[in-house]
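Residues per chain, in single letters:
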Amino acid sequence: DAGVTQSPTHLIKTRGQQVTLRCSPISGHKSVSWYQQVLGQGPQFIFQYYEKEERGRGNFPDRFSARQFPNYSSELNVNALLLGDSALYLCASSLAALNEQFFGPGTRLTVL
Amino acid sequence: DAKTTQPPSMDCAEGRAANLPCNHSTISGNEYVYWYRQIHSQGPQYIIHGLKNNETNEMASLIITEDRKSSTLILPHATLRDTAVYYCIVRVATGANNLFFGTGTRLTVIP
Chain A
1 DAGVTQSPTH
11 LIKTRGQQVT
21 LRCSPISGHK
31 SVSWYQQVLG
41 QGPQFIFQYY
51 EKEERGRGNF
61 PDRFSARQFP
71 NYSSELNVNA
81 LLLGDSALYL
91 CASSLAALNE
101 QFFGPGTRLT
111 VL
Chain B
1001 DAKTTQPPSM
1011 DCAEGRAANL
1021 PCNHSTISGN
1031 EYVYWYRQIH
1041 SQGPQYIIHG
1051 LKNNETNEMA
1061 SLIITEDRKS
1071 STLILPHATL
1081 RDTAVYYCIV
1091 RVATGANNLF
1101 FGTGTRLTVI
1111 P
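Chain order of the listed sequences is A and B.
So that you can map any letter, position 69 of the first sequence is 69 in the numbering used here, and since no number is skipped, the others follow by simple counting.
So that you can map any letter, position 21 of the second sequence is 1021 in the numbering used here, and since no number is skipped, the others follow by simple counting.
Mixed in with the good hints there might be a few duds.
Below, in silico cross-link-like pairs of lysine to aspartate or glutamate (DMTMM-like), each with a Cα-Cα straight-line distance of 20 Å or less [claimed, not checked]:
id, chain 1, residue 1, chain 2, residue 2
1, A, 13, A, 54
2, B, 1003, A, 100
3, A, 30, A, 62
4, A, 13, A, 53
5, B, 1069, B, 1031
6, B, 1052, A, 53
Think of the hints as simulated: they come from the structure by calculation, not from any bench.
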């Protein structure tokens, strides 16, 4: 069985641009969560979606948005990029809303 | 969710048991203890979780004290591939499935 997949693996953007990151959950998993991991720190929760509904949101500005599609895949959008948005963005899927999460390899975003 | 305290780093000899402590003195009755690890440049990997009973799976054992204020993750025979940052997380079983990752313990397995 394929694990959680994320695309792209690496991305370079400039300040002010917009970015879309994609995540495909493990087959059968209906919940997707997004995390941001800045170098040297643990991952920080951004969003959780379950059955296409937002279930939780972390302490991130409105520049960050996400959605989940009928096939349970998900996109994370970040507008008006700042240098501080440079990080590893992790997607995790779980069978249902509160089960243990399985993480993808992440997308490394660099903002110049 | 309750916060956790872990030592920043530990070393363990290859083949020996690695015992990683975690303090969660403010844990509530409905909060679970989860352990994840993150090998360099990879996504975190789920290891084990428990509420109050000790738990064991193919990867590790989780020992939770009777008062639930601390726990220990045990890797019975550490290998070089177990070198990683280990995160102890306390999470309530309701609401959003958000995991609060602290700074974790960097475990280095030494040949």
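Hints, one by one, checked against the model:
1. A C-alpha spacing of about 27 Å is found between residue 13 (chain A) and residue 54 (chain A), which places the hinted pair above 20 Å, so the restraint is violated.
2. Between residue 1003 (chain B) and residue 100 (chain A) the alpha-carbon distance is near 19 Å, which keeps this suggested pair within the 20 Å criterion.
3. Proposed proximity of residue 30 (chain A) and residue 62 (chain A) is contradicted: the alpha carbons are some 24 Å apart, above 20 Å.
4. For the suggested pair residue 13 (chain A) and residue 53 (chain A), the alpha carbons sit about 29 Å apart, so the restraint of at most 20 Å is broken.
5. Under the criterion of a C-alpha separation no larger than 20 Å, the hint pairing residue 1069 (chain B) with residue 1031 (chain B) is consistent with the structure, at around 11 Å.
6. The straight-line distance between the Cα atoms of residue 1052 (chain B) and residue 53 (chain A) is roughly 32 Å, outside the 20 Å bound, and the hint therefore fails.
Violated hints, in rising order: 1, 3, 4, 6; the structure is consistent with all others.
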